[in-house]
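A.B. asks: The lines below spell out each chain.
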Amino acid sequence: MTIKDIAKLVDGELVGAPADDSYDVKKAFASDLMSDVLRFSMEETVLITGLCNNQTMRTSEMSDLRVVLIGRDKQPDEDMLELAEDLDITLIKSKFSVFKISGILYEAGIKPLY
Amino acid sequence: MHYSFDIERGNFADAGQASSSVKRLLKQLGVAPPNIKRTVVALFEAEINAIAHAYGGKIDVDIDDGKIVMVVADQGPGIPNLDLAMQEGWSTASPQVREMGYGAGMGLPNIRKNTDELKIDTEVGVGTTVTMTVYFA
Ligand SMILES: Nc1ncnc2c1ncn2[C@@H]1O[C@H](COP(=O)(O)OP(=O)(O)OP(=O)(O)O)[C@@H](O)[C@H]1O
Ligand SMILES: [Mg+2]
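Chains as they are written, first to last, in our numbering: chain A, 1 to 114; chain B, 1 to 137.
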């Protein structure tokens, strides 16, 4: 599924780096704990999180994440948006809760990491 | 090649910058992506710990001949019980640190998993030095 398709499903807004239409998202992982994210391979994976700060971006960088879905209507600040652009990470902002987002993506065929 | 970075006390906004620099460097050197990931995950966890649990410090990185040695040395409270600290899920992270997204108690286990050699020297009331080696071969 493309990043834009995912954004549409969660009524999301795209910010940060421009969405790469050739990037195929197959899996998702939801966590607010950054060390949990760092445990796994994040290939073809979207991170769903309510954590919205520079640390979300740094963790995503180390994990080679290309797309992060920020739930709960959290607003990234300027600093974080700049970091997302520098690191070539697309952010999807959604008003929905992490649970709702997860349910929608699961139903649409996105696989859990485990 | 030797590189060093300062870790600024309490600076969560910039935490991870050293690991980010090392990641860019390894990419430029053409290190294989799985080895880059192992290296930077370990370094990042150690860098964060030096800010989250100590008062900052210094990172020294040496890259040569198919390996990287990373030394993260902090001034801080030290780790009273290292066996406990190495366990998955053990954390004394403060509420402030948890708000930043840390405190799963997975950092040190992640470091162990991703490195080929790991040495932790710690003295209560003085600080902690984490020495990590990753072989690229
Ligand atoms: N540099 C350090 N100085 C003092 N204490 C430390 C240091 N590094 C780790 N510790 C202690 O060891 C515990 C476990 O560390 P670990 O990195 O595994 O988990 P964490 O930092 O609490 O959470 P996480 O890394 O999953 O976000 C910490 O909670 C802290 O008590
Ligand atoms: Mg840690």
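Just so you know, the hints here were simulated from the structure itself, not pulled from any lab data. Honestly, I wouldn't trust all of these hints.
[Unchecked claim] Using 25 angstroms as the maximum straight-line C-alpha spacing, the simulated DMTMM-like pairs for lysine to aspartate or glutamate come out as follows:
no., chain 1, residue 1, chain 2, residue 2
1, B, Lys113, A, Glu43
2, B, Lys37, A, Asp32
3, B, Lys27, A, Glu85
4, A, Lys27, A, Glu78
5, B, Lys27, A, Glu107
6, B, Lys27, A, Glu43
7, A, Lys74, B, Glu99
A.B. asks: Look at each hint and say if it fits the structure.
C.D. replies: Hints, verified against the model:
1. At most 25 angstroms may separate the alpha-carbon atoms for a hinted pair to count; Lys113/B and Glu43/A meet this at roughly 19 angstroms.
2. Distance check on the hinted pair: Lys37/B and Asp32/A sit about 20 angstroms apart at the alpha-carbon level, within 25 angstroms; holds.
3. Note on Lys27/B and Glu85/A: the hinted pairing holds, with a Cα-Cα distance of about 18 angstroms set against a maximum of 25 angstroms.
4. As the CA atoms of Lys27/A and Glu78/A are separated by approximately 28 angstroms, the hinted pair breaks the 25 angstroms bound.
5. Taking the CA atoms of Lys27/B and Glu107/A, the gap is near 37 angstroms; set against the 25 angstroms cutoff, the hint is violated.
6. Using a Cα cut-off of 25 angstroms, the hinted pair Lys27/B and Glu43/A holds, with the two alpha carbons roughly 17 angstroms apart.
7. A distance of roughly 14 angstroms separates the Cα atoms of Lys74/A and Glu99/B; the hinted pair therefore holds under the 25 angstroms criterion.
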